[in-house]
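Between the sequences and the hints, there should be enough to build the whole structure, so can you do that?
Read off the chains here:
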Amino acid sequence: MNSEPRIVMVTGGARSGKSSLAESILCRHAGPRIYVATAQAWDDEMTQRIKLHRDRRDADWTTVEEPLDLPGVLQRTDGQGARLVDCLTLWLANLGEAPGPAIDALCAVLERQQSPVVLVTNELGQGIVPENALARRFRDQHGLMNQAVARIADEVWMAVSGLPLRLKPQKETA
Amino acid sequence: MNSEPRIVMVTGGARSGKSSLAESILCRHAGPRIYVATAQAWDDEMTQRIKLHRDRRDADWTTVEEPLDLPGVLQRTDGQGARLVDCLTLWLANLGEAPGPAIDALCAVLERQQSPVVLVTNELGQGIVPENALARRFRDQHGLMNQAVARIADEVWMAVSGLPLRLKPQKETA
Amino acid sequence: MNSEPRIVMVTGGARSGKSSLAESILCRHAGPRIYVATAQAWDDEMTQRIKLHRDRRDADWTTVEEPLDLPGVLQRTDGQGARLVDCLTLWLANLGEAPGPAIDALCAVLERQQSPVVLVTNELGQGIVPENALARRFRDQHGLMNQAVARIADEVWMAVSGLPLRLKPQKETA
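Going line by line, the protein sequences match chains C, Z and L.
Going by our numbering, the first sequence opens with residue 1, and the numbers climb by one from there.
Going by our numbering, the second sequence opens with residue 175, and the numbers climb by one from there.
Going by our numbering, the third sequence opens with residue 349, and the numbers climb by one from there.
Keep in mind that the hints are not guaranteed to be accurate.
With a straight-line cut-off of 27 Å between C-alpha atoms, the simulated DSSO-like cross-links for lysine-lysine are [what the hints assert, rightly or not]:
#1 C/Lys168 to L/Lys516
#2 Z/Lys342 to C/Lys168
#3 L/Lys516 to Z/Lys342
Looking from chain Z toward chain C, a few residues come up when the C-beta cut is under 10 Å (computed) [to be verified]:
#4 Ser190
#5 Gly299
#6 Asn306
#7 His316
Hints are computed from structural coordinates only; laboratory data are not their basis.
By construction, the Cβ of each residue, glycine as well, lies at the ideal position given by its N, Cα and C atoms.
Here it is in structure tokens:
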């Protein structure tokens, strides 16, 4: 039995150090580590980012690339090691128009996990309201997804300028 | 006499759970509850959002819709119950070009309230600098409004991914 | 000898009260104070902002305007008083295409400072992903700069609605 939290969510802005924070949290756990990449390398900029992230990890890691069936990957890999999901934002973007059922499926799978899962996501609702309706809808869906995962998570952290801020559990509640 | 804080501000990004947090804070108070909606339902998207917010509350609530004279509403309803103002961002947008005097009036009224007021606002200054000057000016006015209300408030919370982070009062100060 | 922290970083969104917070932190230190302005007054809006910031400070301050050679200014003024750098975001914007070496030089200089330095920066990675590639690259470079300076800093604060939130040092770590 493990007293460490099983499900951890790490949120943060762009280049806030959230992936590094997530990796350091995952490395609390001994044993095999599985990196679940949700990115699709559809352009040079993204290919470069994926490479940067990959170079930072050492040889102890197995990488699984899965842009869509994240619930399935978590289900299949449970019991095989600690998983780092990087990231929920790109997964949501890959899902397209009606992500609701996939988010529900993710939450259902997360609640049944035996091995640890650390999930990276983004803060993207703290800027000025986007001018185009598509961006506004994505921002809404993304915020609701973050809330749903944070509700299940044993721990939630926000990275700011590379520094961790713990949001859950908190000593002080509203 | 009531030892609960009288004026509470709740800030947060889009879909961060700030309205739900504000409702749960207001529900510390027994007795009648008044929902002060500042939204103007000028399009389908907004109508839908207002409906969603309304469906979440039960029959104990009275609703007052007031896009402009927020100070007047708070003054008239003081003594009649706890008020939830949702939200300051839409109120500021409704005010137009020169919101300074209305913000001053709001602050003056807040300082004299006897019944509780919970005010919802947004974080919208943490994205990249907007390209158009109007958005930049709104962002500036909005930040100054948030500072002015936070200065008066007994408690300030930020919602992140549905989780509350207390900003005021704090044990540690700068 | 001084037990006060030597290097302090203050981050925050637009109009979050970060400059005021930085000034109040600097004013813990007795003796002369030097305001290092990195802004270039290339338009009326910016000229107005610089004037506003200047009017808030009293006559105890010396002002140095330096849009580019921030490491040099800090080196030359070390030992002459406490410095307030306002702000790193504009400095990065002034640096142009390849800011890496200048950021490294800044960090090297910060590590050797004897007199206090308080540096103001912005949170600008928490909005929706910008549509243009230039803004995305600036956002990335800016996030990495914030991480590098936060790593060196003895204290890091985030201003939200005029309220200080301490990010470093923290009692609770990941």
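The hints, checked one at a time:
With a C-alpha separation of about 18 Å, the suggested pairing of lysine 168 of chain C with lysine 516 of chain L holds against the 27 Å cut-off. Of the pairs offered as hints, the one joining lysine 342 of chain Z and lysine 168 of chain C holds, with about 18 Å between alpha carbons and a cut-off of 27 Å not exceeded. Our distance criterion of 27 Å between C-alpha atoms is met by lysine 516 of chain L and lysine 342 of chain Z, whose separation comes to about 18 Å. Interface restraint check: serine 190 of chain Z against chain C, minimum CB-CB distance 6 Å, threshold 10 Å, status holds.
The interface hint given for glycine 299 of chain Z is met, as the beta carbon of that residue sits about 8 Å from the closest beta carbon of chain C, less than 10 Å. This hint holds: asparagine 306 of chain Z has a C-beta 9 Å from the nearest C-beta of chain C, less than the 10 Å allowed. Evaluation of the histidine 316 of chain Z hint against chain C yields a held restraint, the C-beta minimum of about 9 Å falling below 10 Å.
No hint from the list above goes unmet by this structure.
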